[in-house]
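Student: For reference, the chains in residue letters:
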Amino acid sequence: MTNLAISTVCNLNCPYCFAGDHMGEVGGEQPYISRETFAQQLDYLDRSGIDEARLLGGEPTLHPEFPALVAMARQRNKRIVVFSNGLMRPAALDCLMALPETHCHVMLNINAPALNPAPVLTRQKATLKRLGQRAMVGFNIYQPNIGMDFLLDVIDETACQRRVRLGMAQPCLSGENDSIRPHQYRFIAEKIVAFARKAAARQITLEFDCGFVRCMFTDDELAFLEANGSTIGWHCNPILDIDAHNQVIHCYPLTGVGAINLDATSTATTLRAHFSEQVAMYRQAGIFPECINCPLKQRGECTGGCLAVTMRRFRHSDFAIQVAEQEAQ
Amino acid sequence: MKAGYCCIGGILWVKNGDTLLLVDDTQRRSWTLRGDEAIAWELLCTGYRYEKLVRQLSLILALDETAAREHLQAMLHTWHQKGILQQNGAGS
Chain A
18 MTNLAISTVC NLNCPYCFAG DHMGEVGGEQ PYISRETFAQ QLDYLDRSGI DEARLLGGEP
78 TLHPEFPALV AMARQRNKRI VVFSNGLMRP AALDCLMALP ETHCHVMLNI NAPALNPAPV
138 LTRQKATLKR LGQRAMVGFN IYQPNIGMDF LLDVIDETAC QRRVRLGMAQ PCLSGENDSI
198 RPHQYRFIAE KIVAFARKAA ARQITLEFDC GFVRCMFTDD ELAFLEANGS TIGWHCNPIL
258 DIDAHNQVIH CYPLTGVGAI NLDATSTATT LRAHFSEQVA MYRQAGIFPE CINCPLKQRG
318 ECTGGCLAVT MRRFRHSDFA IQVAEQEAQ
Chain B
143 MKAGYCCIGG ILWVKNGDTL LLVDDTQRRS WTLRGDEAIA WELLCTGYRY EKLVRQLSLI
203 LALDETAARE HLQAMLHTWH QKGILQQNGA GS
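In the order they appear, the protein sequences are chains A and B. Residue numbering for the first sequence follows the working numbering, starting at 18 and increasing by one per position. Residue numbering for the second sequence follows the working numbering, starting at 143 and increasing by one per position.
The reader is advised that the hints may include incorrect statements.
Calculated lysine to any residue pairs in the SDA-like style (CA-CA distance at most 20 angstroms, straight line) [claimed, not checked]: (1) B:194 x A:334; (2) B:194 x A:339; (3) B:157 x A:297; (4) B:194 x A:297; (5) B:224 x A:312; (6) B:157 x A:329; (7) B:157 x A:335; (8) A:208 x A:171; (9) B:157 x A:301; (10) B:224 x A:334; (11) B:157 x A:311; (12) B:157 x A:298; (13) A:208 x A:237; (14) B:224 x A:335; (15) B:157 x A:312; (16) B:157 x A:171; (17) B:157 x A:198; (18) B:157 x A:334; (19) B:194 x A:337; (20) B:157 x A:306; (21) B:157 x A:330; (22) B:157 x A:332; (23) B:224 x A:190; (24) B:194 x A:329; (25) B:157 x A:309; (26) B:157 x A:333; (27) B:157 x A:296; (28) B:157 x A:237; (29) B:224 x A:338; (30) B:157 x A:190.
No lab work stands behind these hints: they were computed from the structure.
Next up, chain A with everything else stripped away, as it sits in the complex (with noise of 0.2 angstroms):
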């Protein structure tokens, strides 16, 4: 998996945005991807083997070349996923509805109804109903008491997938967007499951972006949404981000870790291992203090939640201490 990242331009402001760090980086007067630098991309992506091209930003379909874009990665033969929010320009939308089903997937996040004006919604409907099984619904979880139950309502109407996507806003290294703090994954675990319950019987399924550990569920919460079609895991990997400049990063909220260049003969699997090689010492750790000792982190089944959350409970403490100079031979 990779992401492309050909805009660093967005037209929303979310609190939770882990993309600050990076956004802030590289926007500026080159906001968008050139076309060579897709092409590159594209190169890549071939020789990584990988079949889909997954276009992200900012909002990646406010690129004015965005048809173009789109049009280089289907010449490849490249499903095209789309993490969008949903206020896209007609052009990006006709370009989207022109692709088989088959070839076209758009993650379509949508903010709680505090963060979302009506008008914005109703504008996302208007995309997701277009679109229809095109689409599928993504929410972040930014804060614990957060309804969901409103985006049920949202697939009925718009005849969009029947299936959500859950992620848990997490912390950039910086800290500077608003996340979920270790000590409420409990509480959201509780949340998500009764929105699982409302969801199951409209026979609506979740499925759940990386972050998630599994001691936030208990053994029957878990059952019950494996019962009922969710798509869960316990992981943190390098997702591989690489942005319009060729930059590329372990993920977005891991923006300050390392972003190298890519070249003509990167490959996903070796920046996967570079990045894997550099947050090594890290993973030892968790987002709990007892993650280190955790069986299911052993053995490989739970990463210890995002990795992010765990680099900010390092600190450095800036001591020094005068002992008498014989005592320091």
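Chain B: place on chain A using the hints.
Tutor: Below, chain B without anything else, positioned relative to chain A:
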């Protein structure tokens, strides 16, 4: 004459129960401190002066002050050998 130690610039640490995990981000090395070492490290990080550190260790580990001082010296020496600490004025 006084000499001393300070923490290497790239060292970060986290407490996991009674175990401390130290990593050196620049050298890509890590160490685990347990027991007396974990206690001493945490006391060091509070910024205690050397004599107070010795007294605290003596109380916590139920050692007389001479034994606590020798124990602390040994730990500082070990950490210096491992590259966790550097001697003051040795650069960063």
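Student: Any hints this thing doesn't respect? Which numbers, in order?
Tutor: Structure breaks hints 4, 5, 16, 23, 24, 28.
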